[in-house]
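Visitor: Given chain A, put chains B and C in place with the hints provided.
Protein chains in written order, with my numbering: chain A, 936 to 1057; chain B, 1192 to 1333; chain C, 27 to 210.
Please note that the accuracy of each hint is not assured.
Some but not every residue of chain C turned toward chain A, in silico, with C-beta under 8 Å [to be verified]:
id : residue
1  : S63
2  : A87
3  : G139
4  : G169
5  : A173
Restricting the straight-line Cα-Cα distance to at most 25 Å, the calculated cross-link-like pairs of lysine-lysine (DSS-like) are [to be verified]:
id : chain 1 : residue 1 : chain 2 : residue 2
6  : C       : K100      : C       : K206
7  : C       : K100      : A       : K972
8  : C       : K116      : A       : K972
Simulated from the structure, these hints should not be mistaken for lab results.
Backbone N, C-alpha and C fix where the C-beta goes; we use that ideal spot for every residue, glycine too.
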Amino acid sequence: MTELVGVFLARYYYVAFAVLVTVGLYMLIDSRNLVKKVIGLNIFQISAFLFFITAAYREGGEPAVIHEGGGPYVSPLPHVLILTAIVVGVSLTSLALALVVRIYEEYGTLDEENVREVISGD
Amino acid sequence: MKTPYSESPVITTTVRVVAPFALTYGIFVTLHGADSPGGGFQGGVIAASVFVMIAFAFGIGPTRDWVDERVLLALFVSGVVGFAGVTLAAVFLGGSALELGVFPVAIKWSIEAIEVAIGAIVTGVVTGLFFLLGQDRGGEKE
Amino acid sequence: MTIALEAVLVAFVVVAAVSAALLRDVLGAIVVFASFSLGLSVIWVILSAPDVALTEAAVGAGVLSVLFLVTVSKTARPDTDTLVSSVDYKAVAAVGLLFVVLLATVPALPEVGSTEAPAVQETVDGERTPYGYYIAESYEETGVENAVSAILVFYRGFDTFGEGVVVFSALVGMLVVFRKEVLG
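Bound conformation, chain A alone:
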């Protein structure tokens, strides 16, 4: 049993990734406020980056700036993926927020249940 706990403790970032992804998904499913849903989507995305950056890390690794006599470097390839993913996340969120503003203008409410009622009542 303590061996299993030790196994999980040695991979602490991966356990934190599982917790954060779960929390983000819970916010996405369960919030009634539309803006909180978008916040949950962002928490989900940013926590997924934690998995990649942890996978690229190595003990005693330096940032991937190659110079003379540099020690072991961390892997630069996941960093490149995450850089693009962060900026794509900004585009996604801004488009989602524009839709939220339009929904508020059309239906006058930000609550998901009320929007559903108004749509089915039309």
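Guide: For chains B and C alone, kept in the frame of chain A given last:
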């Protein structure tokens, strides 16, 4: 109930002092992306956040009038055209698309040029997104 | 020394995410999200990823939080009577399933920072991996010391071009949603 926007002298003075340094830092990070951590994305978002900071201090409407929208348009369109131009120019010079080895300059300078193009795209688009989201929506609906 | 700092940061980030889920007030959730993003960007620095940390700090704690605040100012900040919203146990059971599945895969992953991790192996079965190639050759081929910039522009430049187009089309999409033709 929306309170009318009132300028706070602390915020306006601080932003007036800090904004040039932050913009310089954004351009610095973009141009130094080759030899130290940084690059186009980072510098572009830092420069866009300078415009957001100015909009905090002086209001979104006055800032949008000061930063003429044609400047933003020119920024990101030139960024996209610059990037596409470098890509296609490599094809015309005999290599494959975006093969930076075919240019007569050292590869480091073409990488710098593309980083500047990326910074221009990200600055223009992120500032444009902020202004578009914060536009005045009064009077059209309801 | 770093272990204590990392433990505090991970705890801070998890507490921030859970409070963003539980707080009923939207403004409170936005502020807590900004601090979540800031804590995570310090974790990126500890994991030797300075480029990602710069971008995450500027984007997450900066531009994204401001976009959320502008949205709340354009729409509504609903009145709240309680501080914490109630937890829906069916939703917790549904996401708990995902949590259990993810946790079950964790023992198969290498330890954090282990030198045997496949992403940091220079050769595998006598053949050079992409990591080994980039570390060995990127400075000679490009003259650029920052390997991340070299990969972003020189080796994987087409993905970066696609990303520029995605960001541009987000702006166009926003114009379509608001049914305008100019930015003002």
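Visitor: Given A87(C) as an interface hint, is the shortest Cβ-Cβ distance to chain A below 8 Å?
Guide: 11 Å, violated
Visitor: Holds or violated: K100(C) with K206(C), Cα cutoff 25 Å?
Guide: 17 Å, holds
Visitor: Under 8 Å is the threshold here; is the Cβ of A173(C) close enough to any Cβ of chain A for the hint to stand?
Guide: 4 Å, holds
Visitor: Is the interface hint satisfied for G139(C)? The criterion is a beta-carbon contact with chain A at less than 8 Å.
Guide: Status holds, d = 4 Å.
Visitor: Mind checking the alpha carbons of K100(C) and K972(A) for me, to see if they're no more than 25 Å apart?
Guide: Distance of about 17 Å is within 25 Å: holds.
Visitor: Keeping to a limit of 25 Å between CA atoms, is the pair of K116(C) and K972(A) held or broken?
Guide: 17 Å, holds
Visitor: With a cut-off of 8 Å on the beta carbons, see whether G169(C) makes it to chain A.
Guide: 11 Å, violated
Visitor: Take the shortest C-beta to C-beta distance between S63(C) and chain A; is it under 8 Å?
Guide: Status holds, d = 7 Å.
In this structure, the hints that do not hold are numbers 2, 4, in rising order.
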